[in-house]
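**Q** Here is how the chains run, residue by residue.
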Amino acid sequence: MTAILSTRGLRKDFVTAKPLFGEATVVQAVAGVSLDIAAGETFAIVGESGCGKSTLARLLLRLIDPTAGEVWYKGEDLASLPPARLRALRRDLQFIFQDPFSSLNPQMSVGALIEEPMRVHSIGTRTERRAKVADLLTRVGLRPEHADRYPHEFSGGQRQRIGIARALASGPTVLIGDEPVSALDVSIQAQVVNLLEDLKDDFGLTLVIIAHDLAVIRHMADRVAVMYLGEVVECAPAGDLYAHPLHPYAEALLAAIPVASYGARPARTMVEGDPPNPIAPPPGCKFHPRCPYATDICRVERPVLADMGGGRTVACHRATELSLQGLADLEQARTPAARGRFALYAQAMADKTAHNRPE
Amino acid sequence: MTATALLELEGLTIALKGVDQPIVDNVGFTLARGETLCIVGESGCGKSLTSLALMGLLQTPPLTVTRGMARFAGEDLLAMPAARLRQIRGGRMAMIFQEPMTSLNPGLRIGEQIAESVRRHKGVGQAEARARALEMLRRVRIPAPEKRLDEYPHQLSGGMRQRAMIAMALANDPELLIADEPTTALDVTIQAQILKLMKSLQQETGAAMVLITHDLGVVAEMADKVAVMYGGRIIETGTAEQVFTDPQHPYTIGLMSSMPSLGARSGRLVTVPGTVPQPTAMPPGCRFSTRCPFATGACATVPPLTDLGAGHRVACAHAPLTATEAPAMRSTGT
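Protein sequences, first through last, are from chains A and B. Residue numbers for the first sequence, in the working numbering: 1 to 359. Residue numbers for the second sequence, in the working numbering: 1001 to 1334.
One or more of the hints may lead you astray.
[Said to hold, decoys possible] Quick list of the computed label-pair ranges, beta carbon to beta carbon:
| # | chain 1 | residue 1 | chain 2 | residue 2 | range |
| --- | --- | --- | --- | --- | --- |
| 1 | B | Ala1131 | A | Gly309 | 33 to 41 Å |
| 2 | B | Thr1296 | A | Arg149 | 51 to 59 Å |
| 3 | B | Arg1268 | A | Gln325 | 26 to 34 Å |
| 4 | A | Glu272 | B | Ala1281 | 46 to 54 Å |
| 5 | A | Asp13 | B | Thr1066 | 55 to 63 Å |
| 6 | A | Leu63 | B | Val1124 | 49 to 57 Å |
[What the hints assert, rightly or not] Pairs of lysine to aspartate or glutamate residues, derived as DMTMM-like cross-links and limited to a Cα-Cα distance of at most 25 Å, are as follows:
| # | chain 1 | residue 1 | chain 2 | residue 2 |
| --- | --- | --- | --- | --- |
| 7 | B | Lys1199 | A | Asp213 |
| 8 | B | Lys1196 | A | Glu48 |
| 9 | A | Lys352 | B | Glu1204 |
| 10 | B | Lys1196 | A | Asp274 |
| 11 | B | Lys1147 | A | Asp202 |
| 12 | B | Lys1196 | A | Glu197 |
| 13 | B | Lys1199 | A | Glu48 |
| 14 | B | Lys1199 | A | Asp65 |
| 15 | B | Lys1196 | A | Glu331 |
| 16 | B | Lys1017 | A | Glu153 |
| 17 | B | Lys1199 | A | Glu153 |
| 18 | B | Lys1147 | A | Glu331 |
No lab work stands behind these hints, which were simulated from the structure alone. Backbone N, C-alpha and C fix where the C-beta goes; we use that ideal spot for every residue, glycine too.
Same shape as in the complex, but just chain A (with noise of 0.2 Å):
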């Protein structure tokens, strides 16, 4: 695997301001993360709210400096360079964000949000420019004349979608988008889902996506590692990870996923109660309140992150001897002739497709 973009003991520590009496508080929200990202992939960080899932992804970028630790991207430490040469690389590394209602200004028009990047960056002629936008316009399934609107006259998706053409703009070679696809309607979402996939192969981009949405990074991601409270916990391929957990807290997460699918699985309460106050996380593995699996060395000793094979890394004492469950085939049963109807209804959906790209 040749890694495009890597992190050695990241970290970021949040100060609370210090209060009249006492000590201020420190938040590990990332508590030391080394990941390796291989060019072309889609690498997605999975985790609950507060397990430093955000963080990380601004870290990458360097949105936000880090307390210690590396980024590295083809040779350079990103959390040492300058900031001309630190701006210079955010040509090749694109942010997309959660919520496509706050991330644009709504006093720019389409065309000069989705041209800024190359404004800034000096890319091409105005002219040049103009011409980039309409084409960016219509890959990501918008209309040229799109360019002279502004942000509040298109919905949730749409907006979702000049995010991403802004973010495609520079012609960058990573892509990170934060819970890119949660905000929206599942339908939408599928939409966008598609735009995501089709762009990552017309460009060659890697893709890192942040997400709690399990299904959806089931459905992108090659390889997906698992945060529980600043720290990865798993890190696996993602057929591997869903089929086969090896991390307690993995098998949790995938256990409590309500199924689509009537009559398939209750979802299972894996885990009882609230994850732990990240401003004092416990003593030896921080899942260890919550484990079901949990003995003696596991409230004591911290686990690291050891190498399982066929490229799979997992912090937990009991790895090697512990039996996990993932899913199991939960396929919606359906009678023949509703099954007769998704076929024609995916074969109306291709050819309408095929007649009017975009949709």
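Given chain A's structure and the hints, the job is docking chain B onto it.
**A** What follows is chain B alone, placed relative to chain A:
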């Protein structure tokens, strides 16, 4: 449906000022005691407006119920005086909302909020109401309930707040529970806990539940009956088994196709093209026709919700869709 129906909603129609076509159009369902109906649909389909209308919480103006009847244990919720509705709401009919932080009073301790509702509806004294509040916090399995009783909402985590909301909603043993996206704001492991809790409490109390959600996973998990809404109308309804194993409406099929599978990867997702039209730009006839790959001239008239057997009802001119008709339809449709 049957004599045991607890709630019968008929022809609910809601108008929005300045919009010609109703934004909720002729919505109806029946619900028996102990039953869970899931109303599923995307933003703007009218699912939340339907539940707000039931609770008498529509913002009027600009919204008005122009037609409809909601018989709840013999009385029409849509026609009763506000004072009578206030007696029922929070007592025999309770609500759980998506965001507990905006529905709980931030300036009142958790215990006081629950006790207040108990005092109001049960007419009991201070001490008894507080005891009931404590019992409810225990029942929704909030750890250290004695301590939580005297805490404020902001001191609780999101999951704990949602538990407190559920405790408050169930404190007066309601017969009907209306839950609007109760777990949407929660993490997946917390969501699983809350859904399990709601299910087991419902089994204990025998309450009927209307659950509004956009998540087909939650529907599969919770529903006895399902109503799929699009553009302000119910376009398909039946038992959960009917709707999941034998979906009929092209929108239901499109929605289910849009869901990424948790199984092995399978190429591109099949989508629903385009977006929902604005309320002012709804097509006449079938409101899904602008996005439907099977739409024909027949779709220019409003398709009635037709029973295909065993209570599985679909509003589509082409239902039941079969392979023999469809290719012809496709060529006329494009």
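**Q** For each hint, tell me whether it holds in the structure or not.
**A** Here is how each hint holds up against the structure:
1. Under the hint 33 to 41 Å, the C-beta atoms of Ala1131/B and Gly309/A, about 58 Å apart, miss the expected range.
2. One distance hint, 51 to 59 Å for the beta-carbon pair Thr1296/B and Arg149/A, is violated here, with the actual separation near 33 Å.
3. Look at Arg1268/B against Gln325/A: about 30 Å separates their beta carbons, and that is inside 26 to 34 Å.
4. The hinted window of 46 to 54 Å between Glu272/A and Ala1281/B holds, with their beta carbons roughly 48 Å apart.
5. A beta carbon spacing of about 58 Å between Asp13/A and Thr1066/B agrees with the range 55 to 63 Å that was offered as a hint.
6. Checked against the hint of 49 to 57 Å, the pair Leu63/A and Val1124/B passes, with Cβ atoms roughly 55 Å apart.
7. As the CA atoms of Lys1199/B and Asp213/A are separated by approximately 23 Å, the hinted pair is consistent with the 25 Å bound.
8. The hinted pair formed by Lys1196/B and Glu48/A meets the criterion: a straight-line CA distance of about 19 Å does not exceed 25 Å.
9. Our distance criterion of 25 Å between C-alpha atoms is broken by Lys352/A and Glu1204/B, whose separation comes to about 50 Å.
10. Restraint check: the Cα-Cα separation between Lys1196/B and Asp274/A comes to about 15 Å, which is no more than 25 Å; the hinted pair holds.
11. For the suggested pair Lys1147/B and Asp202/A, the alpha carbons sit about 58 Å apart, so the restraint of at most 25 Å is broken.
12. Restraint check for Lys1196/B and Glu197/A: the C-alpha separation of about 35 Å exceeds 25 Å, so the hint is violated.
13. A threshold of 25 Å between alpha carbons decides the hint, and for Lys1199/B with Glu48/A the separation of about 23 Å falls inside it, so the pair holds.
14. Proposed proximity of Lys1199/B and Asp65/A is contradicted: the alpha carbons are some 45 Å apart, above 25 Å.
15. The suggested pairing of Lys1196/B with Glu331/A holds, with an alpha-carbon distance near 22 Å, which does not exceed 25 Å.
16. Taking the CA atoms of Lys1017/B and Glu153/A, the gap is about 21 Å. The hint holds against a cut of 25 Å.
17. The hinted pair formed by Lys1199/B and Glu153/A fails the criterion: a straight-line CA distance of about 42 Å is larger than 25 Å.
18. At roughly 45 Å between alpha-carbon atoms, Lys1147/B and Glu331/A are farther apart than 25 Å, so this suggested pair is violated.
Of the numbered hints given earlier, the model fails hints 1, 2, 9, 11, 12, 14, 17 and 18; all others are met.
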